[in-house]
Every structure is written in C-alpha cells, then in structure tokens.
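Asks: With the hints as extra help, turn the sequences into a complete structure.
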Amino acid sequence: MRERGFSYAWTALVMMFLVVPLMWMGVQIGRLQAAQGELQKAADAAAEAAAAMVDVEAFKATGALVFSGDVYGVAQAYAWRNAGYLPSRGIFPQVTAIVPDNATRTVRVEAQADLSPLLGLPVRARASGTAQVRSIVR
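This note's numbering applies: residue 146 is where the sequence shown begins, and numbers increase by one.
Hints may contain errors.
Simulated pairs of lysine to any residue, SDA-like, Cα-Cα distance not exceeding 20 Å [claimed, not checked]:
hint: 1; residue 1: K186; residue 2: Q277
hint: 2; residue 1: K186; residue 2: R234
hint: 3; residue 1: K186; residue 2: R253
hint: 4; residue 1: K205; residue 2: R234
Hints in this document: simulated from the structure, not taken from any laboratory.
Replies: Structure, rendered in structure tokens:
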C-alpha cells in the first residue's frame with residue numbers, strides 16, 4: 146500500500162512539472178500559428194490593394210510601377226480589415242514596406258504585428274504578401 150501511494154505521488158509530480166507545461170506550450174504554438182495565418186491574410190490583402198493602386202496610364206507609358214494616391218493608407222486599411230480576429234484582441238497589423246518590382250510586375254507588402262496581447266509573451270510576427278499587377282502594356 147505504501148508503494149502504491151508513492152507511485153501516485155510520483156505520477157502527479159510528473160504530470161505537474163512535465164505534461165502540463167508541454168500542453169501549455171502546445172496551445173501557445175497553436176495560437177501563434179493561427180495568428181501568423183491571420184497576419185499572412187492581412188499582408189496578402191494589403192498587397193492586392195497596393196497592386197490596385199498602380200497608376201495604369203504611367204505603367205502603360207513607361208512600364209514602371211508608380212502608385213497613385215495614398216498607397217500606404219489604403220494598404221493599411223485593407224490589412225486591418227482582413228486581419229480576422231486579431232483586432233478584437235488588440236493586435237493591429239502594421240504595413241512596414243511596399244516594394245514594387247518592375248521586372249516581375251509585382252508588388253510586395255511587408256507587415257508585422259506585436260502578438261504579446263494574445264500570447265502573454267513578447268512575440269513579434271512578420272508576413273509578406275505579393276500581388277501581380279494585371280495590366281497589359283500595348
């Protein structure tokens with residue numbers, strides 16, 4: 146009977162110091178992956194919005210990707226609208242760069258977000274979205 150009580154105590158200690166932290170870490174990794182997916186969705190939407198802001202006339206005349214209007218403001222608005230559940234948790238993706246590539250006729254948008262409110266740990270995530278400019282030069 147004494148040995149059985151000792152094995153129960155040992156099992157409880159193992160559960161408390163090994164299994165519970167591993168479960169917590171698994172949940173946090175899952176939350177991080179879900180938030181990263183939402184940030185990627187926001188970066189993709191911002192890239193599509195930035196690609197739509199290319200000045201078509203200038204593109205047809207010169208072949209260069211030139212933006213018309215407030216491309217950062219529009220891309221930022223699209224990023225926030227497409228961030229899924231992140232804004233409800235106090236996490237707002239920030240567009241950090243918009244890079245046009247004349248050679249491939251694409252626009253790349255870099256976004257980042259501070260995931261600390263979601264995870265309780267100091268974590269910053271980054272995502273990059275790319276969109277093709279769909280205008281034919283004649």
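Asks: Is the straight-line distance between the alpha-carbon of K205 and that of R234 20 Å or less?
Replies: Violated. K205 to R234 sits at ~43 Å, over the 20 Å cutoff.
Asks: Are the Cα positions of K186 and R253 separated by 20 Å at most?
Replies: Holds, at about 13 Å.
Asks: Would the hint linking K186 and R234 be met if the CA-CA limit is 20 Å?
Replies: holds (16 Å)
Asks: With the threshold set at 20 Å, check whether the alpha-carbon distance from K186 to Q277 stays at or below it.
Replies: Holds - the C-alpha atoms of Q277 and K186 are around 16 Å apart, at most 20 Å.
Violation of the numbered hints given earlier is confined to hint 4; every other hint is satisfied by the structure.
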